[in-house]
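Chains as they are written, first to last, in the working numbering: chain L, 29 to 349; chain S, 176 to 570.
Careful: at least some of the hints might be erroneous.
What the hints assert, rightly or not - Below, in silico cross-link-like pairs of lysine to any residue (SDA-like), each with a Cα-Cα straight-line distance of 25 Å or less:
1. K235(L) with R569(S)
2. K500(S) with D303(L)
3. K500(S) with H252(L)
4. K253(L) with R186(S)
5. K253(L) with G550(S)
6. K302(L) with N558(S)
7. K32(L) with R569(S)
8. K235(L) with G566(S)
9. K32(L) with V462(S)
10. K330(S) with T378(S)
11. K253(L) with A553(S)
12. K302(L) with I555(S)
13. K452(S) with W338(L)
I should point out that these hints are in silico values taken from the structure, not numbers from a laboratory.
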Amino acid sequence: MDFKLTSDQELLRDTARRLLAAECPPAAVRAHIEDRSAANGLWGHLAGWTELSSGSLVDLCLFLEEMGAVCAPGPFFATTVLWAPVAAAVGADPQTSGTVAMAGASGIWQPNADPVKTFVLDADRVSQIAFVLPGPSVAIAADVQLRQVETLDFSRPVFEAHVPGDSGAPVAPAVIEDLLERAWVGLSAELVGTARWLFDTTLAYAKSRVQFDRPIGSFQAIQHKLADMALAIERAVAAVYYAAMTIDAADPERHRAVHVAKAAANAAAHRAAKDGIQIHGGIGYTWECDLHLWMRRAFASEALLGTTDWHHDRLADLVLV
Amino acid sequence: MELAWGPDEERFRSLLTAFLDEYTPPELRGGRDWMSAAAEDKANGDIIPEWSRKWQATLFDHGWMVPGYPASLGGREATPTQTLIYMEELSARGIIRSAHFPGYAIVAPSLLEFGTESQKAMAPAAIRGDTIWCIGMSEPNAGSDLASLSTRASKDGEEFIVNGQKVWTSYAMAAQKCFCYVRTATDVPKHKGISVVIIDMDTPGIEVRPLRNIGGTAEFAEVFFSDVRVPSDRLVGRLNDGWRITLGSLAHERGGLWVQGVATTSHALDGLLALCKAKGLDRDPTVRRRLAAAYEQVQSLRALGYKGFSSYAQGSSAPEHSYLKMATSELGKSLFELGVELLGPFGPVNDAERGEQAGRWVRGFFMSLANTIAGGSAEIQRNIIAERLLGLPRG
Chain L
29 MDFKLTSDQE LLRDTARRLL AAECPPAAVR AHIEDRSAAN GLWGHLAGWT
79 ELSSGSLVDL CLFLEEMGAV CAPGPFFATT VLWAPVAAAV GADPQTSGTV
129 AMAGASGIWQ PNADPVKTFV LDADRVSQIA FVLPGPSVAI AADVQLRQVE
179 TLDFSRPVFE AHVPGDSGAP VAPAVIEDLL ERAWVGLSAE LVGTARWLFD
229 TTLAYAKSRV QFDRPIGSFQ AIQHKLADMA LAIERAVAAV YYAAMTIDAA
279 DPERHRAVHV AKAAANAAAH RAAKDGIQIH GGIGYTWECD LHLWMRRAFA
329 SEALLGTTDW HHDRLADLVL V
Chain S
176 MELAWGPDEE RFRSLLTAFL DEYTPPELRG GRDWMSAAAE DKANGDIIPE
226 WSRKWQATLF DHGWMVPGYP ASLGGREATP TQTLIYMEEL SARGIIRSAH
276 FPGYAIVAPS LLEFGTESQK AMAPAAIRGD TIWCIGMSEP NAGSDLASLS
326 TRASKDGEEF IVNGQKVWTS YAMAAQKCFC YVRTATDVPK HKGISVVIID
376 MDTPGIEVRP LRNIGGTAEF AEVFFSDVRV PSDRLVGRLN DGWRITLGSL
426 AHERGGLWVQ GVATTSHALD GLLALCKAKG LDRDPTVRRR LAAAYEQVQS
476 LRALGYKGFS SYAQGSSAPE HSYLKMATSE LGKSLFELGV ELLGPFGPVN
526 DAERGEQAGR WVRGFFMSLA NTIAGGSAEI QRNIIAERLL GLPRG
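If we strip away everything but chain S, and leave its shape as in the complex, we get (with noise of 0.2 Å):
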């Protein structure tokens, strides 16, 4: 065991420090709080702003948007650990990529993983943000459920015609492209009748309706589709082989997922810690133990996610990322419900001129609650731990 990063490690960072000091754009600077300013942009429609594209774009021509990747995929050829280190400067200076993640972490490795040579190149546009991705994967019967999912491929020559509604699909109303999830076979297991194809958004049968989420602002959407018809070369991977796609993900990134998920509730910490000075909180001896229980939360779930990655980084399978997710995503929750109740009766006010912070608390809240809910609930999260992890027979 050791404390200190080695000299490679810390020559990468001082290169990313150097980049970062010179081309950050003011939207991300000065410790602005991107959760709340992303809502505020969403809120004015702008769904993935103008900062961001270019944000993106920089990154990718400079080499540092999936370091873990060559040159021409919008990186640098980084080693697991070098990735870590530019996941922790980036959460450390509050820093995203992108406001727009499916294009660049999910579907970019997935067709670089199972795509065809004509896929594979469109992996470049995703990662750089040049083009807009949707994920098509919930349905409304199918949600935690996820192999249940119903819109229909049927082949018909030389192309699919496609049936069904997708829900909860974010960007899909600014989305040139879908990764879409579809039953392709009936008469089998339903995990072993899924298959995934890549349909243009602009074509015809497509109906986005953008769906308000519970703090009034649309980045998801229902998508509905009626006899979409998509060349059969579009199919991604085997036909009914579209299961094992879904576990894909940034796979150079893996060991480091953590790290944002952790910053997001140190942030918040830092957050409370000065509303708590602030207001005069600090002096309150039951405020400060739960300050300082949520200090011990944050601090030993991020000792958490290094020690996961050592065992990732020399190969091994990290257990500890499996329940960094749940734990991380309940933390953060806590943590924004501490704050609307530090402020007594003005918790709910979300008022500039009345409200703490115009509301951020409650308004971070409100987002908070998103987050044991997206891509597989706390609940499936601990049923995921307590049959893969610890063995335990399926219930």
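The shape of chain L in the complex, shown without the other chains (with noise of 0.2 Å):
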């Protein structure tokens, strides 16, 4: 069991970390909030990563990490981690930006007969959607009905999609369950990557705000919370990295493993967020501190494709059997 990057690996990482510190730095954020079209530089620049889809999800991960980090708006992970197995299942292109319309009037992301499908990702960014419908089988449409939701994260937005009158192609179950394995895996790596930024963010205002005299990190309740605010991150990217390698590697575990780091991330960011905001005192309050972009981010992914307690439930399926 080695969680040691390998060259090509680390490369990868700093390779993704320079570019979106050049392309999507926090006033890229801000101004997709009121244009979406703010993003669409980025995505050109990310167009040619959308390929880590058929690689290893070890690499994927840390692509989809950094891309957390930095709050990135746009449908790279619509792409990477929801449309393009699904393509290449159905034999469509999964090159080409698309994203995946599955959960029903419940939200949850199962195969249903729902007419309306929710939280669709950025759909009105993508090409093409594929709807996964009962069977299961998957349509892919083009041309599609949509409604935005306004949600509380401003950095990827939810839509409503109707579901196109086309019957789809029947696929085998165990596309849709890789794909949400996956899906959860990757979703998790994101928002591993959030909480480390919110967390770095804290970090380093405790170590420069002072007050009675001395810097805030200085006082033990400060440092106490950032302790666990650490320990959160840690055992949640070892949760995550652990199963993209059970995955990896078609390892049986991999069916707990990955509800172990999506409930793990879930944990991690909300606590970044909450007690970075805490941490962070009045300032942290402000439309103006960047904090809380990052929040509503953290905060609509740990809903996103299962909360904690799901997760959870379907983890004592596994476990108490």
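These two chains come separately, so use the hints to put the complex back together.
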């Protein structure tokens, strides 16, 4: 069991980090709130990276973690994590932009007959949508009736999409199961990136903010909060990459590890957001401070593709046999 | 990143499992809960039971006591990864090496690193368990603030004269020797006036008073020193340089120390799952969620241990492992607490006929309270993480 990154993986991570620092600064995340096209430039740089979807999940997760760390807008996650595996299974082009519509009225991601799909990510910025229908089967559509649903997260718009009339092509149930397991881990990788930014930003603030003639980070109450945030992130990162390794190795342990990863990543991001704002004090409560943008992403991703309770329930089904 | 171990590691594992299959004593077989078993043994006054002494010697003689050491020290020069596999396999089987850890895990490595030739020669017996050691560290006024210790060693010709008191000294009532931290200078910053001396426990002037713990058994003691004469060649390392010895432990195994912590929580979780099935609690949705949350904790901490080991094995520091002591000790406590809670009215019952598993959960909970106190409290662990890993200014 080796968590060490290969030199290629280190290069991938460092390249992603450099690219995203240049192309997705906080100002770009903010600009995207008012003008969705502000993310077009970034997508231009990312389109070449979508082929990560056909490689190892560990590699894709390394990239997604960096995407989460900059709160990147745009359809990269939808395309590489959701669209590409479905497209490959039905003979569509996995490299074009796309997204997947699966959840119905309940918001739960499982095949269903509901006529309107919910939580369709970035549906207005992609060229095709794969509808997962009962069977399971998959219908690909380009022209779809959409309605944007307002959520707290500006960085990743979600839509309701009307299921097209044509019936889908049947796919093996394993395609959908694998899609979901990859998606849980991929989103978890993003979440730990988001958590890491919230933590790093808060740690830096605790070192520089002076009250009572000393940095607030010298107070034990603040130190212990930061230690707990750091622990939550450390264990989530380990759980995410462990899960990704089990998927890459097609190890049977993956069916449990994927739920552990999402639950742990949810916990890390939630804590980093909440305690991050608490440690920032009044300034953290302002619109001007960037923290809330990352908190919005964290909370939306926490609920997306299964809340912690939902994943714990699935995990209990597997553990209590 | 790679999930599987290589063929060399798996060969090492099969050598080990063949040995364990043949030699493991009955006391450690069949998933016997050794923590509870050890508590029973201690309740019987058997602080280091005979089976443990024999087992430790057997491990040593076959080169399986500290695999990273050479054969003369009870090992076989195993690599760090092989050592990790050793820890993994032992904890998966619920096997401990000895009911007495200070000798092989702390004293012997310190003697080998800091001792004179004649002190180094004491290491094999410490590792084999032939010599029982205690470690004199904490004092009534030096707990978390260990550097404040005041047990005094004054030089008198070729001897030190030791006066003072130690407390929480594990195994003191069974020990032949004490690895004792003493104050040898008072006119310097407090951590620069500490030395280590080896004291024979049968030296006149030593009084050991067993101290019953919260569970009612005595495995630690108070040790009083009144004009205890110690030959000056029993000084370990240089005079006033003892503080850095406090940081020493089994360097060969530092990458795998977390395994036992994770294994303890993992065994507790397995016990909880079995308990819930036996009592039909596994149909309660709230209970199911809490068990899943516990499973998430155990598995993510296990992954964190392996992640830290990957850094350690390539010679980097492994900050992950600093988090694991804190996290596993707190998790262990909460798992036993959950066991007590799930038993409802029978939670506190410790009766062989009426208590569930004869009070395993409530007794385990009591014992687990020590884990967030001993060897650096959870609060001190957080201070260390904040200051050393996160670089926050000292409070």
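Do the hints match the structure? See the list:
For the proposed pair K235(L) and R569(S), the alpha carbon gap of about 11 Å is at most 25 Å, so the pair holds. The straight-line distance between the Cα atoms of K500(S) and D303(L) is roughly 23 Å, inside the 25 Å bound, and the hint therefore holds. A C-alpha spacing of about 15 Å is found between K500(S) and H252(L), which places the hinted pair at or below 25 Å, so the restraint holds. With a C-alpha separation of about 44 Å, the suggested pairing of K253(L) with R186(S) is violated against the 25 Å cut-off.
Restraint check for K253(L) and G550(S): satisfied, since their Cα atoms lie roughly 22 Å apart, inside the 25 Å limit. Distance hint between K302(L) and N558(S) is fulfilled; the C-alpha atoms sit about 21 Å from each other, no more than 25 Å. Distance hint between K32(L) and R569(S) is unfulfilled; the C-alpha atoms sit about 32 Å from each other, more than 25 Å. Proximity of K235(L) to G566(S) is assessed by CA-CA distance (about 9 Å); at most 25 Å being required, the pair is judged to hold.
A threshold of 25 Å between alpha carbons decides the hint, and for K32(L) with V462(S) the separation of about 37 Å lies outside it, so the pair is violated. Distance hint between K330(S) and T378(S) is fulfilled; the C-alpha atoms sit about 17 Å from each other, no more than 25 Å. For the hint linking K253(L) to A553(S), the alpha-carbon distance of about 13 Å falls within 25 Å, and the restraint holds. Proximity of K302(L) to I555(S) is assessed by CA-CA distance (about 24 Å); at most 25 Å being required, the pair is judged to hold.
Restraint check for K452(S) and W338(L): the C-alpha separation of about 21 Å stays at or below 25 Å, so the hint holds.
In terms of the numbered hints stated before, the structure departs from hints 4, 7 and 9, listed from lowest to highest.
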